[in-house]
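Q: Next come the chains, spelled out residue by residue.
Number of protein chains: 2
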Amino acid sequence: MENLQIQITISPELYIKNPESTELGRKIISTSIEMIDELGFESFTFRKLGVKIGSNESSVYRYFESKHALLVYLISWYWSWIEYKLVFTNSNISSPLVKLSNAIQILTEEITQDNAFSFVNEELLNRIIIAESSKAYHTKDIDAENEKGYYKTYKRVVKRISDVVLEVNPKFEFPHMLVSTVIEGAHHQRYFSKHLPSLTDVEKGKNNIVRFYTSLVSKTIK
Amino acid sequence: MENLQIQITISPELYIKNPESTELGRKIISTSIEMIDELGFESFTFRKLGVKIGSNESSVYRYFESKHALLVYLISWYWSWIEYKLVFTNSNISSPLVKLSNAIQILTEEITQDNAFSFVNEELLNRIIIAESSKAYHTKDIDAENEKGYYKTYKRVVKRISDVVLEVNPKFEFPHMLVSTVIEGAHHQRYFSKHLPSLTDVEKGKNNIVRFYTSLVSKTIK
DNA sequence: TTTTATTAATAGTATTACTATCATATATTT
DNA sequence: AAATATATGATAGTAATACTATTAATAAAA
Chain A
1 MENLQIQITI
11 SPELYIKNPE
21 STELGRKIIS
31 TSIEMIDELG
41 FESFTFRKLG
51 VKIGSNESSV
61 YRYFESKHAL
71 LVYLISWYWS
81 WIEYKLVFTN
91 SNISSPLVKL
101 SNAIQILTEE
111 ITQDNAFSFV
121 NEELLNRIII
131 AESSKAYHTK
141 DIDAENEKGY
151 YKTYKRVVKR
161 ISDVVLEVNP
171 KFEFPHMLVS
181 TVIEGAHHQR
191 YFSKHLPSLT
201 DVEKGKNNIV
211 RFYTSLVSKT
221 IK
Chain B
1001 MENLQIQITI
1011 SPELYIKNPE
1021 STELGRKIIS
1031 TSIEMIDELG
1041 FESFTFRKLG
1051 VKIGSNESSV
1061 YRYFESKHAL
1071 LVYLISWYWS
1081 WIEYKLVFTN
1091 SNISSPLVKL
1101 SNAIQILTEE
1111 ITQDNAFSFV
1121 NEELLNRIII
1131 AESSKAYHTK
1141 DIDAENEKGY
1151 YKTYKRVVKR
1161 ISDVVLEVNP
1171 KFEFPHMLVS
1181 TVIEGAHHQR
1191 YFSKHLPSLT
1201 DVEKGKNNIV
1211 RFYTSLVSKT
1221 IK
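For the record, the sequence lines run as chains A and B. In terms of our numbering, the numbers along the first sequence are unbroken and rise by one, the last being 222. In terms of our numbering, the numbers along the second sequence are unbroken and rise by one, the last being 1222.
Derived from the structure by calculation, the hints contain no laboratory data. Check before you lean on any hint, since a few could be wrong.
[To be verified] Quick look at which bits of chain B chain A covers, simulated, 3 or more residues with Cβ under 8 Å:
#, segment
1, 1018 to 1031
2, 1034 to 1046
3, 1085 to 1094
4, 1129 to 1141
[Claimed, not checked] Computed spacing ranges between beta-carbons, pair by pair:
#, chain 1, residue 1, chain 2, residue 2, range
5, B, 1066, A, 148, 29 to 35 Å
6, A, 47, B, 1163, 28 to 34 Å
7, A, 51, B, 1147, 51 to 57 Å
8, A, 61, B, 1215, 45 to 51 Å
9, A, 114, B, 1119, 51 to 57 Å
10, B, 1066, A, 140, 17 to 23 Å
11, B, 1039, A, 92, 37 to 43 Å
12, A, 149, B, 1147, 37 to 43 Å
13, A, 12, B, 1205, 26 to 32 Å
[Said to hold, decoys possible] Chain B regions said to be covered by chain A (calculated; three or more residues, Cβ under 8 Å):
#, segment
14, 1155 to 1163
15, 1212 to 1220
Quick reminder that beta carbons are idealized off the backbone N, C-alpha and C, glycines included.
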């Protein structure tokens, strides 16, 4: 995948002006990813971002109506990217079991830098998803935002993998719960392994998160 | 459990002045639970709380050093309460399988009001844990706070149930990951079932969350 | 009754998450 | 080349937030 130049398209309700369309927009995305990872979402502000990119707070507001909207955009970008990886990896695979195993791998593995997308650092973005994405949907506005389609990419990924689960076992009752449990669970385990390790059983170099969820899925759907 | 009057003790690093020790303190706890549930954590403020309880913002600050500290207190209270329920329910049970099944039930069931604790509405508190608790530990200060013992009650609950998992299967490699996955997962599913239902397979009256996690655990540890 | 502790009232601070306005630079069209 | 449109930058302003500090009033304990 390293040298392909792939286009990830984000639906227009997620921004005011498309950040991919200008140099400044791309700078907003790439620098906000760096800054949110470094400062945390609470301490990140559009003013600080403006200073860092040599631009202005008010210019950033021409791309995103709020800090929250920018986070939602980043989350959507991330899931589009994951969806692309899923489709790409499973494109020529016919065995449902292999497809499922690939999918679990993609959902639970540690992300390291891949250079297919110029202005997004996926490794940092993955850390943001792990640490901050729950703040996006744990809001009083969730229902209104969901209706506007803010979370549809995430839901589409869950649906896609649930369908693979059903290919493996058409009678399994809870495919969506299983997939969303694995996704959220793997993120929690990565976070806990760094900050609250007693909640995990992570050991260096043993890839326990991927192993645990792979085994959990295969046993659960039997 | 209905009429027992049980004492839940919260360790002193979680408050400045013990809210259980005064009428005002108890009012702060009970009213903040109602208000956080109603407004969401972001829109809840000590000023609004002061107005509602006929007291003053500055008085609230004598009990808790910050809004965040109050949330951590509530989370700790919740896990102490869950721990009490676990110990109580399993006190005379010798079968590890039954103990585990009871524990999963307690972790994943829907909470309805129980009146053992006068000034805490556990049903609302449970909703707060589901919707807001991840905001407490997804902070840049997590490591410092963890060292101060802010999250020890939660960690103790996970440890306790992990030990039951190991009683059932002493060779199971990932007891902590399994238990923390079930806890966080069940909370997510309850939240998703209300706001992003396509991420779940919840059906009215079928108790699918409890059924899903009970089956997942029993299959996974085999 | 005096001391002490607790709470209430008021005011103040730095920062945040925006909005509004206007000037300027650059690009596009005519 | 002139006219026009568009994008950006600079500055200022607003209401609210998350506190801190100070002082006064009141209730409980010695």
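Q: Among all the numbered hints in the text so far, which are the ones the structure does not match?
A: 1, 3, 6, 7, 11 and 13
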